[in-house]
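Q: Each chain, written out:
Number of protein chains: 2
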Amino acid sequence: MGWIFNQRYFRENLKLGPGGETGPINDLLRSTTERIGANVMGKRMFDQGEVSWPEEAPFHTPVYVLTHEKREPWARPGGTTFYFINDGPQRALQLAREAAGSRDIRIAGGADVIQQYLNLDVVDELEIALAPVMFGGGRRLFENLREPGPQFRIDRVLDDPAATHLRYVRK
Amino acid sequence: MGWIFNQRYFRENLKLGPGGETGPINDLLRSTTERIGANVMGKRMFDQGEVSWPEEAPFHTPVYVLTHEKREPWARPGGTTFYFINDGPQRALQLAREAAGSRDIRIAGGADVIQQYLNLDVVDELEIALAPVMFGGGRRLFENLREPGPQFRIDRVLDDPAATHLRYVRK
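Going down the list, the sequences are from chains W and R.
1 is the number of the first residue of the first sequence in the numbering used here; add one for each residue after it.
1001 is the number of the first residue of the second sequence in the numbering used here; add one for each residue after it.
The set of hints was computed from the structure by calculation and includes no laboratory data.
One or more of the hints may lead you astray.
As the list claims (entries may be wrong) - Computed list of chain R residues with no C-beta within reach of chain W, every gap over 10 Å:
id, residue
1, Thr1061
2, Pro1073
3, Ala1099
4, Asp1112
5, Glu1127
6, Pro1132
7, Asp1159
Stated by the list, open to error - Label pairs and their computed distance ranges (CB to CB):
id, chain 1, residue 1, chain 2, residue 2, range
8, R, Glu1143, W, Arg153, 18 to 28 Å
9, R, Ser1031, W, Glu98, 29 to 39 Å
10, W, Gly138, R, Asp1027, 31 to 41 Å
11, R, Asp1104, W, Val51, 46 to 56 Å
12, R, Glu1143, W, Asp124, 24 to 34 Å
13, R, Glu1098, W, Asp124, 52 to 62 Å
14, W, Glu12, R, Leu1141, 31 to 41 Å
What you are looking at is a predicted structure, and each value in this text was computed from that prediction instead of being measured.
Where a beta carbon is used, it is the ideal one built from N, C-alpha and C, also for glycine.
Hey, can you work out the whole structure from these sequences and the hints?
A: Here is the structure:
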């Protein structure tokens, strides 16, 4: 994630202080964020974020968290409200569609939740920041997929020293 | 591999007929091939190639095949000779270095052999053609790696509709 901390839009959004790059990666970050009307994420991602996001969580939309935990909605300053969904990915998607209106829905992560939506065949675009860091472990993005899996074409590639930003669109 | 069949250098090399693209991807293919003085590959890759390469195999260098099979060198027209090495990756690399002289050595594949050389910490560059095709199975390139693994930086990205050509260089 190192690439994101030097982008001005991200720094402003998380109130990390002045400065940051304003080039095409920053534009990508801004446009991707601004066209999102609702987010969906998994419990692992939420649990990590709950302890590390600032009080003003960086989504500014409804966020539907797929979980078995029963919990009341959690509203944060700045327009982010987390809703805890116990009825599976299709129900979360339905709620996200109603909330997003004409804007797009982001499946924020992690890998397991992205795989669930790939397997529901509802993913129109993939935006991937590919950085040459070998973890040696962790969850893989493209596994546990139904066959035949969804087919994507390369839509755009942004080249940056810290990461290669790949945008794929469903065929 | 679809991207490669429409590149002129590849078509000429495999005598696939006239035509093909002559842009930066073709230049990359030519320069990568021409700076190689020896190839190393695994038995799986060799077995697949033995039945599908043309009589004039497309390497035009010595090729060291890592295998448990004992077999005499196999010379093909056009300068490719396959040597079958039973003494492990370091011995194959030593022979490849002697044969290549001042030229480079390519670890051609497959994934298992590339991992063996990554774990020997002798890989200076990675050239990857990344295409959005989900196989749902097969060998993964970056697994079974020692920790800490080798560290690479992005050197160059070539954007093409059929594949994204990523070149990483060791830090």
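Q: If I take the minimum Cβ distance from Thr1061(R) to any residue of chain W, is it greater than 10 Å?
A: holds, 28 Å
Q: Taking the Cβ atom of Glu1143(R) and the Cβ atom of Arg153(W), is their distance within the range 18 to 28 Å?
A: holds, 27 Å
Q: Note whether the CB distance of Glu12(W) and Leu1141(R) lies within 31 to 41 Å or breaks it.
A: Holds - the Cβ-Cβ distance for Glu12(W) and Leu1141(R), about 37 Å, lies within 31 to 41 Å.
Q: Does 52 to 62 Å hold as the CB distance between Glu1098(R) and Asp124(W), or does it fail?
A: Taking Cβ atoms as reference, Glu1098(R) and Asp124(W) lie about 53 Å apart, which means the hint holds.
Q: Minimum C-beta separation from Pro1073(R) to chain W exceeding 10 Å: can you confirm that?
A: holds, 35 Å
Q: Does the claim that Asp1112(R) lies outside the interface with chain W hold up, using a Cβ gap greater than 10 Å?
A: holds, 16 Å
Q: Compute the least Cβ-Cβ separation between Asp1159(R) and chain W, then decide whether it is above 10 Å.
A: violated, 4 Å
Q: Please test the hint of 46 to 56 Å on the beta carbon pair from Asp1104(R) and Val51(W).
A: 48 Å Cβ-Cβ, so the 46 to 56 Å window holds.
Q: So is Glu1127(R) really clear of chain W, every C-beta pair being over 10 Å apart?
A: Given a closest Cβ separation of 13 Å, the condition holds.
Q: Could you check the hint for me, namely that Ser1031(R) and Glu98(W) are 29 to 39 Å apart, CB to CB?
A: violated, 54 Å
Q: Would the least Cβ to Cβ distance between Ala1099(R) and chain W come out above 10 Å?
A: holds, 30 Å
Q: Quick check for students: does the CB of Pro1132(R) sit more than 10 Å from each CB in chain W?
A: Contrary to the label, Pro1132(R) does not stay out of reach of chain W, its closest Cβ about 4 Å off (not over 10 Å).
Violation of the numbered hints given earlier is confined to hints 6, 7 and 9; the remaining hints are satisfied by the structure.
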